[in-house]
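Protein chains: 2
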Amino acid sequence: MSEPQSYDRAVFFISDRTGITAEMMGHSLLTQFDALDFEQINLPFIDSEEKAQNAVIRINQAAALYHKKPLVFSTLIKPKVTHLINQSQGIVFDLLNTFIHPLEEELGIHSAYAVGRTHGMGSYATYKMRIDALNFSLNNDDGNTLRNFPEADLILIGVSRCGKTPTCLYLSLQYGILAANYPLIDEDLERSTLPPELEPYRHKLFGLTIAPERLQQIRTERRPDSQYAEYQQCQYEVNAAEKIFRAQQIPWLDTSAVSIEEITVTILQSSGLKRRLHG
Amino acid sequence: MSEPQSYDRAVFFISDRTGITAEMMGHSLLTQFDALDFEQINLPFIDSEEKAQNAVIRINQAAALYHKKPLVFSTLIKPKVTHLINQSQGIVFDLLNTFIHPLEEELGIHSAYAVGRTHGMGSYATYKMRIDALNFSLNNDDGNTLRNFPEADLILIGVSRCGKTPTCLYLSLQYGILAANYPLIDEDLERSTLPPELEPYRHKLFGLTIAPERLQQIRTERRPDSQYAEYQQCQYEVNAAEKIFRAQQIPWLDTSAVSIEEITVTILQSSGLKRRLHG
Numbered sequence: 000m001s002e003p004q005s006y007d008r009a010v011f012f013i014s015d016r017t018g019i020t021a022e023m024m025g026h027s028l029l030t031q032f033d034a035l036d037f038e039q040i041n042l043p044f045i046d047s048e049e050k051a052q053n054a055v056i057r058i059n060q061a062a063a064l065y066h067k068k069p070l071v072f073s074t075l076i077k078p079k080v081t082h083l084i085n086q087s088q089g090i091v092f093d094l095l096n097t098f099i100h101p102l103e104e105e106l107g108i109h110s111a112y113a114v115g116r117t118h119g120m121g122s123y124a125t126y127k128m129r130i131d132a133l134n135f136s137l138n139n140d141d142g143n144t145l146r147n148f149p150e151a152d153l154i155l156i157g158v159s160r161c162g163k164t165p166t167c168l169y170l171s172l173q174y175g176i177l178a179a180n181y182p183l184i185d186e187d188l189e190r191s192t193l194p195p196e197l198e199p200y201r202h203k204l205f206g207l208t209i210a211p212e213r214l215q216q217i218r219t220e221r222r223p224d225s226q227y228a229e230y231q232q233c234q235y236e237v238n239a240a241e242k243i244f245r246a247q248q249i250p251w252l253d254t255s256a257v258s259i260e261e262i263t264v265t266i267l268q269s270s271g272l273k274r275r276l277h278g
Numbered sequence: 000m001s002e003p004q005s006y007d008r009a010v011f012f013i014s015d016r017t018g019i020t021a022e023m024m025g026h027s028l029l030t031q032f033d034a035l036d037f038e039q040i041n042l043p044f045i046d047s048e049e050k051a052q053n054a055v056i057r058i059n060q061a062a063a064l065y066h067k068k069p070l071v072f073s074t075l076i077k078p079k080v081t082h083l084i085n086q087s088q089g090i091v092f093d094l095l096n097t098f099i100h101p102l103e104e105e106l107g108i109h110s111a112y113a114v115g116r117t118h119g120m121g122s123y124a125t126y127k128m129r130i131d132a133l134n135f136s137l138n139n140d141d142g143n144t145l146r147n148f149p150e151a152d153l154i155l156i157g158v159s160r161c162g163k164t165p166t167c168l169y170l171s172l173q174y175g176i177l178a179a180n181y182p183l184i185d186e187d188l189e190r191s192t193l194p195p196e197l198e199p200y201r202h203k204l205f206g207l208t209i210a211p212e213r214l215q216q217i218r219t220e221r222r223p224d225s226q227y228a229e230y231q232q233c234q235y236e237v238n239a240a241e242k243i244f245r246a247q248q249i250p251w252l253d254t255s256a257v258s259i260e261e262i263t264v265t266i267l268q269s270s271g272l273k274r275r276l277h278g
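If you're matching them up, the sequences are chains B and C in order. Heads up: the first sequence is residues 0 to 278, going by numbering that gives the first Met the number 0. Heads up: the second sequence is residues 0 to 278, going by numbering that gives the first Met the number 0.
No lab work stands behind these hints: they were computed from the structure.
Chain copies aren't distinguished; within one or between two, either way the pair holds.
Once the Cα atoms are required to be at most 30 Å apart in a straight line, the calculated BS3-like pairs of lysine-lysine come out as: (1) Lys203 to Lys127; (2) Lys273 to Lys67; (3) Lys50 to Lys67; (4) Lys68 to Lys79; (5) Lys77 to Lys50; (6) Lys50 to Lys68; (7) Lys68 to Lys273; (8) Lys127 to Lys273; (9) Lys203 to Lys273.
Small disclaimer: the values here were computed from a predicted structure and weren't measured.
Please take these sequences and the hints and turn them into a complete structure.
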C-alpha cells in the first residue's frame, strides 16, 4: 500500500484458494472503468476465520488510507468466512454466492459449499495430462523432430516468429492439448505445396501468419541488422506461407493484432478440439 | 452435442471475446454441483446480433435435446446482444452486468460498456512484456546458462523434476514475471551450502521440493529403471535439497499436492512480486 497518492482507491481480490478467478472477474469489471487507477491486492488462501480477520484489517486500513471504501471481489464460499469479510468497510462483490442460489433452484439440488475446487491439484491423472502436454509442446517445438507428430492433437505451421511457440505452450498448459509446431523455412516456402513430411498430418494443421511489418519488428529485436529481419525477407516469407495455406486449404489466422488467448480459442473453434483442463 | 444420454444438461459459456472468463467462472460454480454431468460448450466471439441469433438457436436446440433449460454463463456486455441471449430458452447467468450497476453506483461514474477488454491484445508493450518473459523462461531453464540471472525477477531451485519448468512457464505466460530456474544436482547437494554461483542472487531464490514417492513416480515415467528414478536416489536428493533450503533460509514449498497455480500464487505472496499481466 505504498504511494497512495497515485491511486484512486484500493481493490482486493479475496479467495479461499489462489484468487485467480476473483482477479480475472474483478479485472474484467474494472476495465469498464478505466478512468480510475486502482491499487490491486490479491489475498489468496483465506480459508480460516483467523485469516479472514486479518484480511478485514487490511481492507479497513486501505479504507482509511484512501478515504474511500475498497472494492472487494470475493470468490469465498464458506459462510463464516464470507460473513466476516462482509463486515469489513469494503464493498463486497460476492462473485460465486450471488449465482449459487439461483443455480440451486434451477438444478433442484444443494451446492457442496466446498472450498478449493478451482485451480487446485485435482486428480493426479489431470495433473499428469497437463505436464505431459507441456512436455510434448517443449519437445516438439520448432520442427526439431517430427517423430511425435502422430500423437499430436494439433500442429501449428508458419514462418519463424509468427507466434507458434507461445500458442503451443498456452494450449498445453491451459487446455491440456498436445500441440506441436513446424516452422516453414525457405526450402518449404519455395514450393507452393505442403512440405511432404506434413502430408500425413494435414487434418491436424493450422497455419499462423503475421503482418510483415510486425514480423520485421519482432525479428529485429531478436537479430538486429540480419537478412532474417529485413522487411523484404519478412514480406516474401509471409506471402509464400499464406499462398500455401490458401492453395492447400489449411485453416489459418493472422496473429498480428490478437492475443495468445484469442489465437487459442480461434484454433479450438476451427479444429473442434475440446478443452481438457480447466486451467 | 453428441451422446446426449451421457449428460444431464447443456451448459454454454458465451462471450464477445474468448469466453475464458465465462468458462472459469462457470466452471467454479459447476464444481459446487459435481453430482451432475454437463455438456460444456464455449461460444466465443459473439459480438454481433447475427452471431447472437445463431447462439440462441444452439441454446434452444440443446434445450430440446436434453428436455432441460441449458445454463448460460455470459460475460456479454453489449445491451442488444445480451437482450437477444436473454430471450433464449436458457437460464442466463449475467456474470458481468450483474455487478456493473452496483459498481457504477459506488464509483459514481458510468461504465464504458465496451467489449473485448479482457484477453485481448492490449498494448504492444504489454504483449512484448509477455513474450519477452516467456522467452526468458525458455532460455533460462534448467541451469543451461547463468548469464541472465542478474535480470531475473525470480530463480526457482530444486532437484530435477520437482516442478520448476512448468512453474516458470506459467509465471511468464500468465504474470509476465522473468523466472529462471536452476536444478540442484548431486554436486550441489553434497554441500550443505548454496551453490556459490547462486550466492549473489540469494534474494531472488525460491526452493521447490516434492515427496520422494511422487518424484520416483515422475522420474520413472521419464526414465524407467534408471538410478535417477530409484526411490533411494529420490529420497537422498529431496532430503539434501530441503536441508539446504532450511540451513540457508531459502523460502520453499512442497509441490506434491498443489497445482501450478497454487505454487505460483504462493511464490508471489512470499516474494512480494506483483502480477504484470492480466493473462
